[in-house]
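Colleague: Chain by chain, the residues run as shown.
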Amino acid sequence: MKPKKKINPKIFGRILSSLYHYYPVRVPVTFLCILFSSVIATIPSIFIQKIIAVIEKWQPTKDWANAGKEIFPLIMILIALYVLSIIATVVYTQMMATITQGYLCKLRNSMFNGMQKLPIRYFDTNKHGDIMSHYTNDTDTLREMVSQSFPALIRSIAIIVGVLFIMLYYSVWMTLVLILGVIAMFFVSGKVGGGSARFFMRQQQSIGKEEGFIQEMMNGQKVVKVFHHEEQCENDFNALNDALFEDSFKAHAYANILGPIIGNIGNIIYVLIAVVGGLFLVLNTPNLSLSGMAFSISILVPFLNMTKQFTGNINQATQQINAIVMGLAGAERVFALMDEVAETDEGYVTLVNVEVAADGTLTETDRHTGKWAWKHPHQDGHLTYTPLQGEVHMNQVDFAYEEGKTVLHDVSVHAMPGQKIAFVGATGAGKTTITNLLNRFYDIADGKIRYDGININKIKKADLRRSMGIVLQETNLFTGTVMENIRYGNLNATDEECKNAAKLAGADDFITRLPEGYNTMLSGNGSNLSQGQRQLLAIARAAVADPPVMIMDEATSSIDTRTEAIVQRGMDKLMEGRTVFVIAHRLSTVMNSDVIMVLDHGHVIEQGSHDELIAKKGTYYQLYTGAFELE
Amino acid sequence: MLKKLAGYVQEYKLPTVLTLLFITGEAVIETIIPFMTANLVNEIKGGADMSNIIRVGLILVVMAFASLACGGLAGFTSAKASAGFAKNLRKNMFHKIQGYSFENIDKFSSSSLVTRMTTDVTNVQMSFMMMIRIAIRSPLMLIFSVIMAFYMGGSLAISFVIVIPVLAFGLIMVTKFAMPAFHRVFKKYDRLNESIEENVRAMRVVKGFSREEYEKEKFGKASENIRKDFTKAEKIVALNNPLMNICLNFNMVFVMWVGSKIAIESAGTVLDVGQLSAMLTYGMQVLMSLMMLSMIFVMLTLSAESARRICEVLDEESSLKEKEAPLTKVADGSIDFENVNFKYSAKAEKNALSDINLHIHSGMTVGVIGGTGSGKSSLVQLIPRLYDVTEGVIRVGGINVKEYELSSLRDAVAMVLQKNLLFSGTIKENLRWGNENATDEELEDACRLAQADEFINTFPEGYDTKIEQGGTNVSGGQKQRLCIARALLKKPKILILDDSTSAVDTKTDAKIRAGFEAYIPDTTKIIIAQRITSVMHADLIIIMENGRISAAGKHEELLMSSEIYKEIYEQQTKGGTENEA
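The listed protein sequences derive, respectively, from chains R and U. If you count the first sequence from 1, position 331 lands on 331 in our numbering, and the numbers rise without skipping. If you count the second sequence from 1, position 110 lands on 110 in our numbering, and the numbers rise without skipping.
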């Protein structure tokens, strides 16, 4: 089958060089063993030729005693070669298992480790399903290629070359006949293979369409039922399903026919060789060969066997090409993920534990003191320590996710340590964007953000983020126990500290009522909890990190107002002494903020305390009285 | 399980049977070809005249074409049979799922249903094709080759008696040890992929807490663990290859040694050079067939998991049973709950609803309010039989809901679900879900009532505006209003809004409710809401707590009698009313 896509030789080279890099001994040894065993696979032809010559010689006299003496050493050498070949086969197949799995493991790890360094933008702009397919589909095709196609291809090529040499050794004319046949074989298989590839592409498209439809209907199954729309859905589905059947049928039919075609062209070549060989014998045509041997039956028989071997291996090799094309395409995507540009971090200000002396001077320490400071190395070499307080100052910030589409215009916010700042506005007004900028998930285009007086661009990202607790609307929990999920916020936290954080967040109550309390296993993103319970857990997780700054992006949106009122006291306590940025749909959540910023299309249109804004009777007032739709 | 699945071959039985026939033909011819070539070789060796050589050669060419025809036709019919089989499986699964109750749907996640209908079906399709092609062909080839070998080679064929059991035993042992290892490792592999997905989804959390190193370490361990297991399993399977070589090589040596002895001692009468080389071909064919069989076996066992998952969908019995002779007419919109208890699954410990007694007259407006998990949605889902009560009776129009034909009942009860969903297609197409034959005028009326008309008209393409999959191109509030309009088009006797105006501003919300009062006075309206303003004017307000009705009555009554209601009211209106005044 002819590859439809161009093979990128660079990818091929990259796989080989990385394989060699990981296994500098095993890879060459494996390669040599494959070569050795394939060469030996071609050798019996020579022995057959010799043995048949012996048979011809002694057959008229039926003298087995003498013939045996001549055959015995041949057989012995053959056995010896076979033993070596089997050893080589054992060595390379066992090594291949190690190499393949080791290579895949290394690829997986470098993909995953590289992925951890990618900017949030990557995850926002790529579908999660697409990212996942690097780890599943693409890795699977690579595995197939490395573990099976590579060795099979090397083996087939080695055998083809080896057989070709032996054939030329015996007879050039006959070899030419064979090659003509093989060219015909390529021609036909190219035609059929092309048709197969075309329909396989169409099949993929049909599958994609049908899968999209199924996905939509499965998600909307309850709506379908409520409107008892089942029949119409089935009709639409059946139309798609029939189309898929047609394409799938044709694609496989072409692919299935290819095997018999190649196989039987092989048979025909075989006959052709036999007839031509017979003609040579009968007509006593002078032979042209590397060995200078005259043409005889003892050459023809092994030659026929070699014809089988030759066409068989060509068949094998062509079958591998498809797998290799697919594998290379998979490898290209895997490498693309590994080559994604990592998040840059030129920050050099770090967060360290300090001890505070009586006079207020700060000394760095390894001990866990609970007191933190920014360690700021200056250009002239001296170090300063600034206490971590949580003052955030955004100054005339502009930002665009895509060039030309500015979503924040000239936004300035000044949060003093311990203040609660709220953002209110319609979807797309830029509330979440502001929080994305604070912890540098995205970098600002223009303006400055200072954290405790330090430009956040100078702060190491990991330390910056460590100092800010973040609770998002969409709660993501990890497979593990409730306790482990809370501890995610601070890996050093004791059980006691985790429980206290849960109490603070108002989560303790429902956790203790779970079947196994804090040791209850959560799976599938905590699907066994309600959305509200998950949000409470996320708050507890942020609380245990004990950060000076907290960002709550619709963190209580799924907790009903009554429960919210109950957890409010805990929340107030949690927010005490921290700088808190709150984004909420529900105005009752933000009412008690020190400053409320009303955003509209990336502009701050109003700002002030609740009372001030109500008195102003502007947008906030309208929102508050329900005259406006918040969406 | 296989038998059950085989039932879905249905109209593709003919191509399946034809495949088997063609494959048999191909196998027969393929085993005869070496026999004929042996003759050819002997003719040549014997120095016979050219005409004999050409005659045998022609026979061989004809056989090659016959084999090509059989193989090609088998390829064609097997593709048709397997693609058809897959088509039927998908069709029946989809049909089955359409008949599921909500309880059945809750059991399977939607993503798992998608996988079952796509990946799993494709796996089974491939296995089916392999099975009817190779699983038949291999044993046939094996048997025919052995027969031909004995017929032609006589005592030389003894080598098979030694080699076949050895190889078969070896293959069985390898498979026996490798299969469980692979099963284990595939499970782990799935879990690893799940955890990657978890990581990708939670990337903001990971980065927010600077847990990249921690995640790397966690992943590295799991990944290494899989590498070890996988390597072990692959190493076992890797033994197949040398095992096969040993057998082939043994056969080769045996045939050459013993064969040449026989050929010489009998002067070519019992066995000649041609047969000798044919014996080598048969040896190859026999051993390859065995190898193929073991491969097929592995593939089938691996796809058995897919088959099982498909059967699960097909075997799932809808938990909703319809009466033999159901009623098709719903008299009016009155609703009665009598001593209703309900739990989502028989296994659930706690009731989702307990001791519900309610009497709602036709045309009433009923508000339902309560905390998350208090049972509001559960309560209304029982009315159109999205779930069945565990104990007690629900009557609509004075008759037990179980007496109605499901479609008639659901036609009479329109429900706007909490999780609103629009489908890809135009606004018009989406609205027509409510009533396929609705005129444009009716569509506009419904939209006016749902306060959707105004914003639809601001779209350049109006009612023909395309809705993206999942309705991502309209705002939440707009989506909710479209869903209400869609439900209104059914002209229902009972209209249920399950928190369906949460994203709509209070003024529009009030307008919608006022419209209901004015234009559909006879329809019973049940409104679930978080906002107290959405329910306070209702004829009856129900307060749910922990799956029970905590209080019910009118606004003024409840302010006096229900602590919870009073609390919610004060909390939501605190400050607001002062400022509004």
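Certain hints may be false.
[Said to hold, decoys possible] Quick list of simulated restraints, FRET-style, between CB atoms: (1) U:539 / R:611: 31 to 39 Å; (2) R:70 / U:50: 28 to 36 Å; (3) R:125 / U:546: 40 to 48 Å; (4) U:518 / R:235: 54 to 62 Å; (5) U:190 / R:125: 21 to 29 Å; (6) U:326 / R:235: 22 to 30 Å; (7) U:180 / R:342: 47 to 55 Å.
[Said to hold, decoys possible] The list that follows gives simulated cross-link-like pairs (lysine-lysine, DSS-like), each with its CA atoms no further than 30 Å apart: (8) U:329 / R:127; (9) R:10 / U:216; (10) R:117 / U:402; (11) R:460 / U:218; (12) U:218 / R:106; (13) R:503 / U:350; (14) R:127 / U:323; (15) U:261 / R:222; (16) R:222 / U:419; (17) R:117 / U:221; (18) R:222 / U:221; (19) U:261 / R:69; (20) U:96 / R:222; (21) R:127 / U:466; (22) U:218 / R:371; (23) U:13 / R:375; (24) R:222 / U:350; (25) U:350 / R:460; (26) R:106 / U:216; (27) R:106 / U:188; (28) R:106 / U:261; (29) U:221 / R:127; (30) U:321 / U:232; (31) R:503 / U:228; (32) R:405 / U:323; (33) U:13 / R:209; (34) R:617 / U:507; (35) U:96 / R:62; (36) U:216 / R:616; (37) R:209 / U:323; (38) R:458 / U:419; (39) U:187 / R:106.
Because the hints were derived from the structure by calculation, they are not lab data. Ideal placement from N, C-alpha and C gives every residue a C-beta, glycine not left out.
Colleague: For each hint, tell me whether it holds in the structure or not.
Modeller: Here is how each hint holds up against the structure:
no., hint, in the structure
1, U:539 / R:611: 31 to 39 Å, "holds, 38 Å"
2, R:70 / U:50: 28 to 36 Å, "holds, 32 Å"
3, R:125 / U:546: 40 to 48 Å, "holds, 44 Å"
4, U:518 / R:235: 54 to 62 Å, "violated, 38 Å"
5, U:190 / R:125: 21 to 29 Å, "holds, 27 Å"
6, U:326 / R:235: 22 to 30 Å, "holds, 24 Å"
7, U:180 / R:342: 47 to 55 Å, "violated, 41 Å"
8, U:329 / R:127, "violated, 48 Å"
9, R:10 / U:216, "holds, 29 Å"
10, R:117 / U:402, "violated, 57 Å"
11, R:460 / U:218, "holds, 23 Å"
12, U:218 / R:106, "holds, 15 Å"
13, R:503 / U:350, "holds, 25 Å"
14, R:127 / U:323, "violated, 46 Å"
15, U:261 / R:222, "violated, 79 Å"
16, R:222 / U:419, "holds, 9 Å"
17, R:117 / U:221, "holds, 19 Å"
18, R:222 / U:221, "violated, 41 Å"
19, U:261 / R:69, "holds, 11 Å"
20, U:96 / R:222, "holds, 14 Å"
21, R:127 / U:466, "holds, 22 Å"
22, U:218 / R:371, "holds, 29 Å"
23, U:13 / R:375, "violated, 77 Å"
24, R:222 / U:350, "holds, 24 Å"
25, U:350 / R:460, "violated, 50 Å"
26, R:106 / U:216, "holds, 13 Å"
27, R:106 / U:188, "holds, 17 Å"
28, R:106 / U:261, "violated, 55 Å"
29, U:221 / R:127, "holds, 26 Å"
30, U:321 / U:232, "violated, 51 Å"
31, R:503 / U:228, "violated, 42 Å"
32, R:405 / U:323, "violated, 60 Å"
33, U:13 / R:209, "holds, 28 Å"
34, R:617 / U:507, "holds, 17 Å"
35, U:96 / R:62, "violated, 75 Å"
36, U:216 / R:616, "violated, 52 Å"
37, R:209 / U:323, "violated, 37 Å"
38, R:458 / U:419, "violated, 44 Å"
39, U:187 / R:106, "holds, 20 Å"
Consistency with the previously given hints fails for numbers 4, 7, 8, 10, 14, 15, 18, 23, 25, 28, 30, 31, 32, 35, 36, 37 and 38, ordered from lowest to highest.
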